[in-house]
Amino acid sequence: MATSATAHAHAGPQGFIRKYIFSLDHKVIGIQYFFLALTAVFVGMFLSLLMRIHLIAPLASLPLVGEIKPETYLSLLTMHGTIMVFFVLTTAPQGGFGNYFLPIQIGAPDMAFPVLNMLSFWTTFVGFVVIIAAFFVQGGAPLHGWTGYPPLSAVQSAGPGEGLGADLWITSIAIFCLASLMGALNFLTTTLDMRAKGMTMMRMPLTVWSWFITAILGLLAFGVLLSAGILLLMDRNLGTSFYVPQIIVNGQIMLHKGGSPLLWQHLFWFFGHPEVYIAILPGMGVTSQILSTFSRKPIFGYKAMVYAMLAIGFFGFMVWGHHMFMSGMSPYSAFAFSLLTMCIGVPSAIKTFNWLGTMYKARIRFQTPMLYAIGFVSLFVSGGLSGPFLAQPVLDIQLHDTYFVVGHFHLIMGVAAIFGMFAATYYWFPKMFGRMMNESWGRIHFFITLIGTYAIFMPMHYLGMAGGTRRYSQYTEVAYLQKLMPIHQFMTYAAIITIAAQFIFVINLFWSMFKGPKASDNPWEATTLEWITATPPPHDNFGGVTPVVHNGPYEYGVPGAARDFVMQTDPPVASSGH
Amino acid sequence: MGRLIAALKLCVTQRLARLEVYMATYTPSTPMNQLGRGGSVPVPPNGGGDDGGFSDSGLPNYAARLRRARLGMICAIVTVSMVFVSLTSAYIVRRGLPTFDDSTRTYFRDWGSVQLPWVLLFINTAILLISSLTMEGARRQIARRAALAPVRSIPGVSLGDERGFPWLGVTAVLGFGFLIGQWMAWGELKARGFLVSTNPDSSFVYLLTAAHAVHLTGGIIALLWAGTTSLLHRPVEGRRIVVDVAAWYWHFMAVLWIYVFALLAFAR
Ligand code: HEM
Ligand SMILES: [Cu+2]
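From first to last, the protein sequence lines are chains G and F. Take the first sequence: its position 147, counting from 1, is numbered 147 in the working numbering, and each next residue is one higher. Take the second sequence: its position 124, counting from 1, is numbered 1124 in the working numbering, and each next residue is one higher.
Mixed in with the good hints, there may be bad ones.
[Unchecked claim] A short, non-exhaustive set of chain F residues, derived as facing chain G with CB atoms under 8 Å:
#1 R1067
#2 V1078
#3 M1082
#4 I1092
#5 V1093
[To be verified] Derived, one-sided and incomplete: chain F residues facing chain G with beta-carbon distance under 8 Å:
#6 V1083
#7 R1094
#8 T1099
#9 D1102
#10 L1116
#11 W1118
#12 L1120
#13 L1179
#14 G1193
What the hints contain is simulated information worked out from the structure, not anything from laboratory work. Glycine is no exception: its CB is placed at the ideal position from the N, C-alpha and C atoms.
Modelling step: build the complete structure from the supplied sequences, incorporating the hints.
Now the structure itself:
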C-alpha cells in the first residue's frame, strides 16, 4: 500500500513556475497568501505612520507624499482601512494559515479543489494590485473610508479620488469577494469531505473549527458585499439611483433621484459585522490551540468552545444595525439590535473564561507563541469590553464616529487578530520552514508590541469620550480638540516605536528562515496531525500514509500515558476528563 | 416530504451500489487521496469513521470525487442565493422609498412604470425550462455511460453505438437561446423608452435580469467545457462529474429565473 501510494503521480511538480508560482499545493498557496498579507500589512502600516505624523504636524512635509492635504489624509485613511481589513485580516489568518494547516490538521493530502485554491490566491493578488493602482491614477485614492458610505462614494465628482480611484477601489473589493467565495467553498468542502479516518467533527482541533465557521460566514457574507458593490458601481457609472438621493454636489444638481444612502449601510454592515468575525475567529482558534499546548492541559470546555464559535457566527448576522444607531433608525429596531448585540457578549465571555480556565493552575511554558496567545486574550477582553458600551444606543449618541470606536475596533479586530497571526507565525514557523525562530527576539518583539499597542489605542477611548471625532484631518483648528493634542502626540510617538519594533519581527522571520536552528518534527510537543509528519511536510503531507485518528486534539497530561501528551494518532486513551 | 426524501435516498444508494459493482470490475490506479478507505488500516476500536458520515464511506474514488464536487456546488449555490437575496432586499427597500420632487416640493412614488415585454419573457421562460429538462437528459445519459465505461473497456465487449441524443449540445443551444431572448427583451425595453437609469424600477429590471444572465453564462461555459473534453476523449468519469454538477447548477438557474420573474411580475 505504502509503496503504491508513494509511487503515485501525486509527487510534487517540477520546475520553478509550477512549484512556486502557479502551484496547486495548499502549502505553497498558504505561504503565498502569507507573504501577500505581509506585504499588505507593511503598506497599511506605512500609511498609518503617515497619518499619525500628519495628525500632530498637519503642515509638515513628509517623505514620498509631501505636505498632506485634508483630502490626502482621507485617502490614506481609506486605503489603510481597506488594505488592513481585506488584504491582511481576511487574507493571512484564513487564506494563509488556514490553507496551510487545515488539510494537514484533518489528515488530508490537499484541499478539495486545488485548482480553485490556486485561482482564489491569484484572484486575491489581482485585487491587491487593483487597489494599489488607485494610488497612481488621476485624482488618487478614494476618500470614503473603508465603509464606503454614499453619497460620497457614489458620485464621481464628489471629490478628488472619487473618480477612477473609487472605481478601482470597488472593483478591487468585488474581486476580493470572488476570491474569498472560492476560498470559502474550498474550505467547507475540504472540512466536510476530506477528514481522515477517525477525525470526527468533535475531534477536530479548534483551529479547524474556526476556519470552518469563518468559511461559513464568508460564504454567506461576501455575496452581499459583492451585490452592494455592483449597485454602487451602477450608481457611479450608469446613472442609476440606488443609493443617491436628489443631491447637489459642488454646486451642481445631480441627475440622481430618490435613492437611499441607508440602503448601502444596511447591505454593507450585513456583510461588515460578520466580516469582523471573519477576521477574529481564526485568531480565537489558534489561541485555543496554543493555550492548551503551552499550558500542557486539555482546552477547558472543548464543546463549549465549538458551540460558542457557532453562536458567535450565528448572532453575528443579526446585529449589523448596531453600526447604524445614529442613522435615524426607529428606537424599536435600535433596541432589538442592541439586545442581540449584547447576546454576542455571552459566547465571547464563555470563550474568555475557558481560555483562563485552561491556564488556571497550569505549568505554563512561556514561549513566544504562548505570549502572543495570552496577548490575544488580553486584547480581546480590553477591546471587547467597550463593545457593550457602544451597543447602547443612548451611549452611542456620544460615542459614534469618535475615537472611542476607533479604539474599540483597533484593539479587538485590528491588534487582537494581528496577535493571533503573530502567535500562529511563531507557533507554526518551524513546521512551515523547518527552522526555529529566535526566542529572545520574539519576546522582545512581543513586549514592545503589547505595550505599544495599548499605548496607541487605550488613549483613543478617552479621546472619544471627550468628543474627539474620527476621520478629521486636522485637530489643531478647533479649541476643544486643540486641548487634546497632547494625547495625539503621545499616540503618535507610541505608534512610531511600535512600528519600528515590527522590523524585529521581519528580520527574525527572514533570518530564521535561513539561519535558524533546525526544528524537530514536533518542537512544541503538540498533539495535532501537523506534528506527526515531517518538517516541512512532504508534498502529499504525510508521505503516502493516511493517518488514522484515535484521540481528541488536546490530550495533555493524560493520567497513565507515557508522556504528558498523546498524539491524535496514538493508540486510544481513556477519556482525559474534559 | 419525509417519504420523498427517503425514496430519494434509497434511489441514490441503489445507484451507488450498482456503480460499485461496475467499478469493482476494473481497478483504477488507486491514488492515495482516498481518504479513510480502510483496508490497509485497522478500524480504530473506539469508533472510527465519522459522525457526519462524510469521510470513510468506502465509496470508490470516483464516487468520492463526485460527492465532493456536489458539495462544492451546494456551496456555490448558497453563495449565488445570497447575492440574489441581497438584491431582493435592495429591491424591496428601494420600492418602498418615495422620491422627492423638487418642483412641487412633495414626495411621490416613482416605481412601477416599466412595461415588461411579457410575451418575450414567457417564451424565454419556456426555453429555459425546456433546457432544464434536456440538461437532466444529459446528466442521466452521461451517468449511464460512466457506469458502463468499465464494461466497455473489457476487450471484445461492445455496447453498440457510442453516440446517443446530443442532450448536452441541445441544452447549450437552448441556454444561448435564452440569453438571446433576454437580449431582445432588453432591446424591447429600450424601444419602449426604459433605460437602466430611467427610473428605479427599470434599473432593477436590468440589474436582476443581467445578474441572472451572467450566472447562466457561467453554466453555459461549463457545458461547453464538458463538451470539449468529450471531443478530447478524456475519461468519461471526469466528464460525468462536470455534467452532473453543471446540471444541479442549471436547474438552480431555472428556479432562480422563475424567482426573478415572479419578483418582477408580482412585487411591483
Ligand atoms: C461583545 C462584542 C462586541 C460588541 C458588543 C460590539 C459592538 C460594537 C458597536 C455597537 C459598534 C458601533 C459603534 C459605532 O460606530 O458607533 C462597533 C463597531 C465596530 N466593531 Fe465591535 N463589538 C463587539 C465585538 C467586536 C469584534 C469581536 C470585532 C472584530 C473582530 C469588532 C469590530 C468592530 C469594528 C471594526 C467596528 C467599527 C467599524 C467602523 O465604524 O469603521 N467588534 N462594535
Ligand atoms: Cu458590528
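Quick rundown of the hints versus the structure:
Nearest Cβ of chain G to the Cβ of R1067(F): about 7 Å, under the 8 Å cut. The hint holds. Residue-level restraint check for V1078(F) holds (minimum Cβ-Cβ distance to chain G is 6 Å; threshold 8 Å). Here the hint on M1082(F) is kept, as its CB sits about 4 Å from the closest CB of chain G, short of 8 Å. Given the 8 Å rule on beta carbons, the hint for I1092(F) is violated: about 10 Å separates it from the nearest Cβ of chain G.
At a threshold of 8 Å, the smallest CB-CB gap from V1093(F) to chain G is about 5 Å, leaving the interface hint in force. The interface hint given for V1083(F) is met, as the beta carbon of that residue sits about 4 Å from the closest beta carbon of chain G, less than 8 Å. This hint holds: R1094(F) has a C-beta 6 Å from the nearest C-beta of chain G, less than the 8 Å allowed. A cut of 8 Å between beta carbons decides the hint on T1099(F): the least distance to chain G is about 3 Å, and the hint holds.
Given the 8 Å rule on beta carbons, the hint for D1102(F) holds: about 6 Å separates it from the nearest Cβ of chain G. Annotation: L1116(F) was flagged as interfacial toward chain G, and the flag is violated, the nearest CB pair being 18 Å apart, outside 8 Å. Checking W1118(F) against chain G: minimum C-beta separation of about 24 Å lies over 8 Å; hint violated. Interface hint status for L1120(F): violated, as the beta-carbon distance to the closest one in chain G is roughly 23 Å, over 8 Å.
A cut of 8 Å between beta carbons decides the hint on L1179(F): the least distance to chain G is about 19 Å, and the hint is violated. Violation of the interface hint for G1193(F) is found here, the shortest Cβ-Cβ separation to chain G being roughly 15 Å, above the 8 Å cut-off.
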